[in-house]
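Student: Sequence:
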Amino acid sequence: MDLALLGSAAGFALAACGTPGPNNMLLTSSGTRFGYGPTLKLLLGIMLGLQLLMLLTALGLGQLFLLWPALQWALKILGSGYLLWLAWKIGRASPPVAGVSASGMDWRQGALFQFLNPKSWLMAVSAISGFTLAGEQYWASAIGVLAIFLLFGIITGHVWALFGIHLRRWLHTPQDWRRFNLVMAILTAASVLMIWR
Numbered sequence: 146m147d148l149a150l151l152g153s154a155a156g157f158a159l160a161a162c163g164t165p166g167p168n169n170m171l172l173t174s175s176g177t178r179f180g181y182g183p184t185l186k187l188l189l190g191i192m193l194g195l196q197l198l199m200l201l202t203a204l205g206l207g208q209l210f211l212l213w214p215a216l217q218w219a220l221k222i223l224g225s226g227y228l229l230w231l232a233w234k235i236g237r238a239s240p241p242v243a244g245v246s247a248s249g250m251d252w253r254q255g256a257l258f259q260f261l262n263p264k265s266w267l268m269a270v271s272a273i274s275g276f277t278l279a280g281e282q283y284w285a286s287a288i289g290v291l292a293i294f295l296l297f298g299i300i301t302g303h304v305w306a307l308f309g310i311h312l313r314r315w316l317h318t319p320q321d322w323r324r325f326n327l328v329m330a331i332l333t334a335a336s337v338l339m340i341w342r
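Take 146 as the starting number for the sequence shown in our numbering and just add one per residue.
Source of the hints: derived by calculation from the structure; they are not laboratory data. Any given hint could be a false lead.
Now the in silico label distances, taken between C-beta atoms and shown as ranges [unchecked claim]:
{"id": "1", "residue 1": "D321", "residue 2": "G280", "range": "52 to 58 Å"}
{"id": "2", "residue 1": "R237", "residue 2": "F210", "range": "30 to 36 Å"}
{"id": "3", "residue 1": "F210", "residue 2": "T318", "range": "43 to 49 Å"}
{"id": "4", "residue 1": "R253", "residue 2": "Q282", "range": "31 to 37 Å"}
Everything numeric in this text was worked out from a predicted model, so none of it was measured. Here a beta-carbon is modelled for each residue, glycine too, at the ideal position from N, C-alpha and C.
Given these sequences and hints, build the entire structure.
Tutor: Right, dumping it as structure tokens:
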């Protein structure tokens, strides 16, 4: 890959993976509620799902949206519904009970979520269509794009997860937890607006 294209792909990956969105809201919420171990598993699942989605896009799956625009509408509707359901679940979550272990989304759910997450589809289609080279260099550039997204996804995902873990220090009472859950639910629901703009 040419260095200028590599730099542009890295800048796009940093912005796409690092900005608020459904994945980062889940990582923050999981970090706060469940700690580092379960959240790391969720992050690895998210990255596995995103890498698979990008690979399928490189193989031509993204072209289906161009051939059948109704698929894009269906994805938006399904993704919006799922995000609103997640927001509702987050908002209604009870405060953690000391000594009682709970589990959040596991790595499989994080991976599968990418296929319902419109931001992930947008990232995959934009990255593969915008930063791959034609002809013989296509697969080398596609693998470069996947590697860049994997690197920046893991780094920025850790930042959001650690942010959530540090937030836990401020949550002492059940009322603090309810407020936190409500804010996370609102932010998750607000990410639906990004889908429809």
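Student: Does each hint fit the structure? Answer for all of them.
Tutor: Okay, the hints, checked on the actual structure:
A hinted range of 52 to 58 Å holds for the C-beta pair D321 and G280, which are about 57 Å apart. With their beta carbons about 34 Å apart, R237 and F210 fall inside the hinted range of 30 to 36 Å. Between F210 and T318, the C-beta spacing of about 47 Å keeps the proposed range 43 to 49 Å intact. Roughly 34 Å separates the CB atoms of R253 and Q282, a value that falls within the hinted 31 to 37 Å.
Checked against the numbered hints given earlier, this structure breaks none of them.
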